[in-house]
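*Asks:* So you can see what is in the structure, the chains are spelled out below.
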Amino acid sequence: EDQVTQSPEALRLQEGESSSLNCSYTVSGLRGLFWYRQDPGKGPEFLFTLYSAGEEKEKERLKATLTKKESFLHITAPKPEDSATYLCAVQERAGGTSYGKLTFGQGTILTVHP
Amino acid sequence: GAVVSQHPSWVICKSGTSVKIECRSLDFQATTMFWYRQFPKQSLMLMATSNEGSKATYEQGVEKDKFLINHASLTLSTLTVTSAHPEDSSFYICSARETMGYNSPLHFGNGTRLTVT
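Keeping their order, the protein sequence lines are chains V and Z.
Residue 9 in this note's numbering is what sits at position 21 of the first sequence, and the numbering runs on without skipping anything.
Residue 38 in this note's numbering is what sits at position 37 of the second sequence, and the numbering runs on without skipping anything.
Treat the hints as calculated values from the structure; they're not laboratory data.
Do not take every clue at face value.
Stated by the list, open to error - Here are some of the chain Z residues that sit facing chain V, going by a computed Cβ distance under 8 Å:
id: 1; residue: Gln43
id: 2; residue: Ile94
id: 3; residue: Gly110
Claimed, not checked - Far from chain V by the CB rule (all over 12 Å, computed), these chain Z residues:
id: 4; residue: Glu60
id: 5; residue: Thr81
id: 6; residue: Glu88
id: 7; residue: Asp89
id: 8; residue: Arg98
id: 9; residue: Val117
Keep in mind it's a predicted model, so treat the numbers as computed, not measured.
Glycine included, each C-beta is placed from N, C-alpha and C at the ideal position.
Whole structure, please, built from the sequences with the hints as guidance.
*Replies:* This is the structure in structure tokens:
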């Protein structure tokens, strides 16, 4: 069974204070690892997909990296508007009945203070 | 970009009644949609996979007779919570893929907050 563990559960940063969020995963064969941002009362918003170890993706102040066991979401010089819950999810390279479903971690609640 | 619309955004119902939630893909066709449930401060838990023109596939522990899913067209899936009880109160979110590729990202609706009194 796929397992996804995110740490820390909550992270408080000062504006401009860079940091990283961790996503550790256990899956028999990884098809893809996804990062999402979720604001309170909203559905998740897609950020990145990573497919293989060593891959990196960037978007504004965010950079996602992937190894064979974990992924990191690096936040450089964060701003208060980056405050949200960040979710990672894995998709297993399974058979046809999976229809490509995702297994989510519990998320990291990021708060950036001005 | 791909837009998934969910309606209503919130609903309050009395215990024992049924509630229908709609999920639409606005600018693309989705043969498969996914229904998730999220409790406060918890992650998304997959409830079922909705397939256009066929029966939904439910995850272990999800009652298919309680959570009825209908995927009648390539742009619409509905989730009906039948005989709702307070423990069914939760945040329900649907999602869909813009393309047929299994590793293309899921796009999510904005969720439906269900409160059963």
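*Asks:* Confirm or reject each hint.
*Replies:* Now the hints, each set against the structure:
no., hint, verdict
1, Gln43, "holds, 7 Å"
2, Ile94, "holds, 5 Å"
3, Gly110, "holds, 5 Å"
4, Glu60, "violated, 8 Å"
5, Thr81, "holds, 20 Å"
6, Glu88, "holds, 20 Å"
7, Asp89, "holds, 18 Å"
8, Arg98, "violated, 7 Å"
9, Val117, "holds, 18 Å"
Going down the numbered hints, you'll see the structure goes against 4, 8, while the others check out.
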